[in-house]
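Peer 1: Read off the chains here:
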Amino acid sequence: MSGWLSVGMVTVPLLGALLLLVAADALRPVLRVYGMAVSGVTLGLAVVMVATFDYGQAARPQFTVDVAWIPGLDLRFQLGVDGISLPLVALTALLTFLCFAYLGWGDGAGPGQLLRPRAGGARPRALVFTLLVLEVGMIGTFLALDLLLFFVFFEIVLVPMYFLIAIWGGERRRAAAIKFILYTLLGSVVMLLGLLLIWAQAGTLDIVALAQSHGAGMSRAVQVVAFVAVGLGLAVKTPMWPLHTWLPDAHTEAPTVGSVLLAGVLLKMGTYGFARIAIPVLPEGAAAVAPWLGALAVVGIVYGALACLAQRDLKRMIAYSSVGHMGFVLLGFATLTPTGINGALFANIAHGLITGLLFFLAGAIKDRYHTADIPSLGGGMLATLPRLGAVLTFAAIASLGLPGLAGFWGEMLALFGAFQPAESLPRGLFLTFMVIGGLGAVLTAAYFLVMLSRVTHGAPAAAGGAAPVGVPGPGAAGEGVVGRLSATLPEAPDERPVHALPGAAGPPGMADIRRHELVAWVPLIGLILLFGLWPGLLLSLTTPAVQILLGALP
Amino acid sequence: MIQQIDYFAIAAPLTLALVAGLVLLLDAFLPAGPRVTAGLGAITLGGVMVALGFVAAQGFTGRTLPTFCVPERLSDGDPGLCSFVVDRFTLVIAGLVLVAAVVIVLMSMTELAGGGIPVGEWYFLLLCTLVGAVTLPAARDLIMLVVALELVSLPVFALTALKRYDGRASEAAVKLFVVSVVSTAVMLFGVSLLYGVGGTVFLSRLAEVLSGTAPAPGWPEGSASLVAAEHGLPGVVTVGIVLVVAGFAFKIAAVPFHAWAADVYQGAPIPVAALLSVISKAAGFAGLILVLVLAMPGQAATWTPVVAIVAALTMTAGNLLAMRQRSAVRLLAWSSVAQSGYILAPLAVAFQGSGARSWGASAVGASVAYLVIYAAMNLGAFAVVMLVSRTAARNELADYRGLVFRRPAAGLALAFCLICLAGLPPGLAGLFAKVVVFREIVHGGAAWLAVVMAVNTVIGLYYYVVWAARLFAPEPGPAPAARRVFPAVWAATGLAVAAAVLFSVAPQLVLDLTLLSG
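Sequence order for the protein chains is A and B. For the first sequence, our numbering gives the first residue as 1, with consecutive numbering after it. For the second sequence, our numbering gives the first residue as 1001, with consecutive numbering after it.
Since the hints were derived computationally from the structure, they do not count as laboratory data. Just so you know, even glycine gets a beta-carbon here, dropped at the ideal spot from N, CA and C. Be aware that one or more of the hints could be misleading.
As the list claims (entries may be wrong) - Reference listing, derived: stretches of chain B covered by chain A, where coverage requires no fewer than 3 residues with Cβ under 8 Å from a Cβ of chain A:
id: 1; segment: 1424 to 1430
id: 2; segment: 1434 to 1442
id: 3; segment: 1456 to 1469
Unchecked claim - If you only want the chain A side, here are some residues facing chain B, beta carbon under 7 Å, derived:
id: 4; residue: Val159
id: 5; residue: Ala166
id: 6; residue: Leu182
id: 7; residue: Val224
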């Protein structure tokens, strides 16, 4: 039927990228609009997909395409979406478009807008090309219904992301990029072995058929081995503690759009793999490994939170917070219950929106202060840059899981799933996980509030030299010292009330939210509110698919 | 007793041999000059093309063409004893060799245009190597195999040394010579042991004798076969197998006989390095596959563990050594050692499948598929390295900084080939080649080998990606002034990269070609 929609989602960015190679000179003047146009068309297709999706049959793959590509490898070009992948496809298209909008909106002269012509070679054409190829891989991963095709798309993102970090990144970008690609490749090669093992045992690569047979034809031992292999590959991408060490470096060094896409989409590819392949195809393996998965997940939650408390760098802190949030997602999967997996999928989307927004904000702050070091920022952002400070507060509170915002439901459901895990799993153990995970949620709240107290609250101080200079304030010098002191002591958050400072617009170059930032952020804020207030919107989509997916579990 | 010779079957090597003679004669009688240089190159290219045409024609007939057969009266009623057989396997390897030869001849044209290398000799030796490389996959007896392999090896020493008054080249030639002679001696010893046990040089007959279905010569009447004897196979067979495998291991630069690779590749002219890494290697693999799969399927239990360990060591050593290199050619040398390991890996599980897969066809198919894809991407890389070597004599990795900005086509071509070699998208050819090999290993149940290869893939990725990233790094200073055009190298690059792109989009072509069932 309307399989062209799926194909279009993949081919539009691909053709856009190729056209950029062919007609380089013709496109150079309109580059900023071009990226937005191509990703906008893709977003349009995603919107059409969301609009015409048959919600009555959300468990069934729709918009399917099935064409033989490499018969020798049994590889079919098989695409389709169901309730699990539809939100992720839409999220990917949206975030990519917002990244292009962030880069190219208006005159393109803002500090974070890498597409402006600049001395020293900002290479806007290469950036647009890289992002478009990245989009092909990301969307393809969520659409693929063939094991090897999934793997191919899974791999496509590696090289563009590597270059995104290695060319447009920060000071230590080279090492971070190498670490990223080596880690994730090691993971995906191990995953390939697992996929090939499934293929050798089950004799097909068709994910739908494999999921329907619920692991028939594979012995328990094979399922466990395959689950561990596939799970390792996915866990590196997710990332699961202790395989997360590439993430903070990659996030810290990546440019803003790179961080946004990395956190917003690339990490989801790992968790999506659990929902799409590992759990439905290998139910017995999943049941055997789930306690371990759950244990590592809660370790990740607590570890991520503790690591966040110790961070000075804003981007690094948000990166570690991803480790914690992904821990909740993995805990949800580990429960093997509809509740838990629904929660995991919801947390997945929520994390994509919230952390995407947080990285946009961190990028904006870094562009203004030229540092992301929290003590150097010096506090008082609500006074100096009130709008930016407000959005940062909003995003941080959403991320810590305030009820009414998107971050809450996923984590709540994941913990709730752990309260009553699948019958084959030891309940006592999962209750322990739930308690520890709950403590982790409290710690999450702690570090975000500490961060807010250091960055947005307090009087603007002239600390670090990079902070806004010359802001008049009552007793600026004295309070600056106090502010600095309190900033270094996390136990003593600065609780002085925030004064709106008259004439505190900051020095030139420290403008509040700019138009391109507003364009990129408002949709995210809107969706965070929407899913927070109306979680059923997303849950009704994933529930039927999850029930099918868990059909074989005892 | 006169043997019938099917001239159509041997048309490809025959053409190459005749053109070789023609080139030598023309070189002797025509005055030296740029036009003659170009003319000889064109004649060589034409000869290779004609040979390729014959291979294609043989492919279209779709028949197996045996020739040099033992007449039935002399072969105890065994009709299958032929020395030269053109079948699917032969055609794939011969086609691969000849297409690679086109690229290498094109690269040679630029190398020779610089002067200092005798042209006639160069093309003559090149064609002689090709005769050997085309004959080798068709060889079905031990003597033919050894002769063809020597025909591949011997002219390469001379080719390496043709860059006269160059210390490195001479050293490389001597090194290659010594290594190659030793390996030949080792292999001949193994071959003679096998002949002594089996009493035949024909591979198919040898397999029958070793598996006990045919009587061994000189064996007591009571126990008519080797296997039926109470003490099993004589240990001498094992020694023979190991020695033959060792001999081929030299040719494909497998551990522990790999040490020569880097020095020889670096000292030799770049077209010769490319030839060593593709044509010579393809010939070595063809011989190894023929001996192992045709002559010793019954002894798989003896040689599969050896091959597995050699494969694992080869890929690991090659990758670890490649990580430390600064010279582009040395890096490619070690990387091609590592790739040899990947090509060997499926052979290690050749006879561990079940049912229909049991004669090792799919394992051989996987090896050959990898070989074909490897040839395309490696030649592409060598062609660009050749191009860079024209402006940067030392040819270190640092010379590749910013190549994409200086020469976008060359830079992108090299980047694509490197990503292919690493096995990542968009270099899908390399990815699918690895998937094919992985599939074979996983099917065969050699989990440890699969894990070793997985780790190696990651190590390999490191140096390929670092090199590829260097291409995109900003230029350090003003670009070198020399901007001469080398149309022949461009054609070579184009051909190799086009093949790699084609294999990326439609890997099915290679898989169909190398489907050796039957």
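Peer 1: Each hint needs a verdict: does it hold in this structure or not?
Peer 2: How the hints compare with the structure:
Three residues within the 8 Å Cβ limit are the bar, and the segment 1424 to 1430 of chain B against chain A gives 4, so the coverage statement holds. Under a criterion of three residues with beta carbons nearer than 8 Å to beta carbons of chain A, the stated coverage of the segment 1434 to 1442 of chain B is upheld, 5 such residues being counted. As drawn, the segment 1456 to 1469 of chain B meets chain A at 7 residues by the rule of a beta-carbon pair under 8 Å; at three or more, the given contact holds. This hint holds: A/Val159 has a C-beta 6 Å from the nearest C-beta of chain B, less than the 7 Å allowed.
Residue-level restraint check for A/Ala166 holds (minimum Cβ-Cβ distance to chain B is 6 Å; threshold 7 Å). For the restraint placing A/Leu182 at the interface with chain B, the shortest Cβ-Cβ distance is roughly 6 Å, inside the 7 Å limit, so the hint holds. A hinted interface residue such as A/Val224 counts as satisfied when its beta carbon comes closer than 7 Å to some beta carbon of chain B; here the least separation is about 13 Å, so the hint is violated.
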